[in-house]
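**Q** The numbering of the sequence shown is full-length UniProt numbering, which starts it at 1 and goes up by one.
Just to be clear, a hint being listed does not mean it is correct.
As the list claims (entries may be wrong) - DSS-like, lysine-lysine: derived pairs with alpha carbons at most 25 Å apart: (1) K162 <-> K226; (2) K25 <-> K284; (3) K160 <-> K125; (4) K282 <-> K270; (5) K270 <-> K284; (6) K191 <-> K162; (7) K125 <-> K106; (8) K181 <-> K270; (9) K125 <-> K181; (10) K270 <-> K25; (11) K191 <-> K181; (12) K25 <-> K282; (13) K226 <-> K125; (14) K133 <-> K191; (15) K226 <-> K191; (16) K226 <-> K181; (17) K160 <-> K133; (18) K25 <-> K125; (19) K160 <-> K191; (20) K162 <-> K133.
Bear in mind the hints are in silico, worked out from the structure with no lab data behind them.
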Amino acid sequence: MPQRLCVVIAQQNYLVGDVSGNALKIIEAALRARDEFQADAILFPELTLTGYPPEDLLLRPGLHRAVNQALENIQAQVTGIDIVLGFPEQTDAGLFNAAAVLRDGKRIATYHKCHLPNYNVFDEKRYFTAGNKSCVVDIAGVPVGLTVCEDIWYSEPMLKAKQAGARLVLNLNASPFHQAKGIEREAELEKRVQEAGLPVVYANLVGGQDELVFDGASLVMTADGKVCQRAPAFETGLFPVVFNVEADGVVTPQPGQITEPDDELESIYKALVLGTRDYIEKNKFPGAIIGLSGGIDSALTLAITVDAIGAERVEAVMM
1 MPQRLCVVIA
11 QQNYLVGDVS
21 GNALKIIEAA
31 LRARDEFQAD
41 AILFPELTLT
51 GYPPEDLLLR
61 PGLHRAVNQA
71 LENIQAQVTG
81 IDIVLGFPEQ
91 TDAGLFNAAA
101 VLRDGKRIAT
111 YHKCHLPNYN
121 VFDEKRYFTA
131 GNKSCVVDIA
141 GVPVGLTVCE
151 DIWYSEPMLK
161 AKQAGARLVL
171 NLNASPFHQA
181 KGIEREAELE
191 KRVQEAGLPV
201 VYANLVGGQD
211 ELVFDGASLV
221 MTADGKVCQR
231 APAFETGLFP
241 VVFNVEADGV
251 VTPQPGQITE
261 PDDELESIYK
271 ALVLGTRDYI
281 EKNKFPGAII
291 GLSGGIDSAL
301 TLAITVDAIG
311 AERVEAVMM
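Kindly generate the complete structure, drawing on both the sequences and the hints.
**A** Right under this line is the structure:
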């Protein structure tokens with residue numbers, strides 16, 4: 001009979017700079033994954049502890065002290081489940097965009113992101129040093145490789161993980177939404193899994209941060225490039241993924257719920273609503289005042305804002 005491995009995807013919304021608040025979300029999610037789903041591990045998005053993108057907060061020593069304290073708190077409060085999370089790691093060799101595996105009070109593995117995006121909205125080379133090593137860790141008897149976001153857009157990191165013995169890859173992401181982004185992501189993931197012959201669990205951030213919106217839509221892809229589970233876009237949640245582990249070590253994800261992607265206009269509208277809601281809520285604004293000109297543009301702005309925070313918090317003013 002095949003061995004069972006359960007990994008929970010934590011598709012969550014974090015506040016940039018709120019390290020203690022983000023750590024509390026991590027602890028609550030990990031305990032729930034352990035108790036409700038009997039999970040072996042829980043996978044969080046990229047830079048979980050700081051939120052994404054932390055930008056020049058990374059230049060403040062106080063942020064790194066807070067991150068180290070949060071890691072200690074998580075390790076002290078959660079046992080019985082492996083936690084795979086993202087954080088900035090300051091070392092003598094530089095600052096790294098890191099992923100760690102925490103188990104029963106200890107950090108048992110750390111991976112440093114190898115490919116740092118430096119285009120469009122990304123500016124990671126300003127802050128981070130690129131890693132150059134693979135990381136494979138045993139989770140419930142399964143050799144699991146770690147990669148972070150941009151790594152999955154290149155062949156080398158996943159192939160290196162396979163060469164190091166990985167039978168499954170976990171990928172932590174903070175991948176922002178744009179039109180047709182989901183199609184692009186899945187096409188790249190299909191290439192990677194077929195090149196390496198390994199299944200992948202892709203955990204993405206959800207939420208708005210200034211001009212960026214992260215759509216979630218986390219997924220699981222089989223070794224032959226088929227999506228076997230997809231989380232809803234623009235929604236938070238915990239999504240358990242169950243794998244069969246055969247005697248020869250082959251890891252196969254069981255079919256799960258596949259949420260169909262929204263159509264193009266619906267995706268754009270949901271992104272606008274989420275971005276507006278988080279801009280208001282994360283800045284702790286009590287509400288919004290919308291000036292109406294009588295045209296379709298201001299009417300649409302009003303509709304988005306009402307859907308984001310509710311009519312009772314929106315004041316419409318005819319101009």
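**Q** Just to be careful, I want the Cα atoms of K270 and K25 compared with a cutoff of 25 Å; is the pair within it?
**A** This hinted pair holds, its Cα atoms lying about 23 Å apart.
**Q** With the threshold set at 25 Å, check whether the alpha-carbon distance from K25 to K125 stays at or below it.
**A** Roughly 28 Å between the alpha carbons, so the hint for K25 and K125 is violated.
**Q** Need the status of pair K125, K106: alpha-carbon distance at most 25 Å?
**A** Roughly 29 Å separates the two Cα atoms, so the pair is violated.
**Q** Does the alpha-carbon distance linking K226 and K125 stay inside the 25 Å limit?
**A** violated, 33 Å
**Q** For the pair supplied as a hint, K226 and K181, is the alpha-carbon distance within the 25 Å limit?
**A** holds, 18 Å
**Q** Holds or violated: K226 with K191, Cα cutoff 25 Å?
**A** Measuring from Cα to Cα gives roughly 11 Å; hence the hint holds.
**Q** Keeping to a limit of 25 Å between CA atoms, is the pair of K160 and K133 held or broken?
**A** It holds: about 8 Å lies between the C-alpha atoms, which stays within 25 Å.
**Q** Tell me if the straight-line CA distance from K191 to K162 falls inside 25 Å.
**A** holds, 15 Å
**Q** Given the hinted pair K162 and K226, is their Cα-Cα distance within 25 Å?
**A** Roughly 19 Å between the alpha carbons, so the hint for K162 and K226 holds.
**Q** Can you confirm whether the C-alpha distance between K160 and K125 stays at or below 25 Å?
**A** Holds - the C-alpha atoms of K125 and K160 are around 22 Å apart, at most 25 Å.
**Q** Would you check the hint for K25 and K284, treating anything up to 25 Å between C-alpha atoms as holding?
**A** Holds, at about 19 Å.
**Q** Tell me if the straight-line CA distance from K270 to K284 falls inside 25 Å.
**A** Holds - the C-alpha atoms of K284 and K270 are around 21 Å apart, at most 25 Å.
Figure legend: structure checked against the earlier numbered hints; hints not met, in rising order: 7, 13 and 18.
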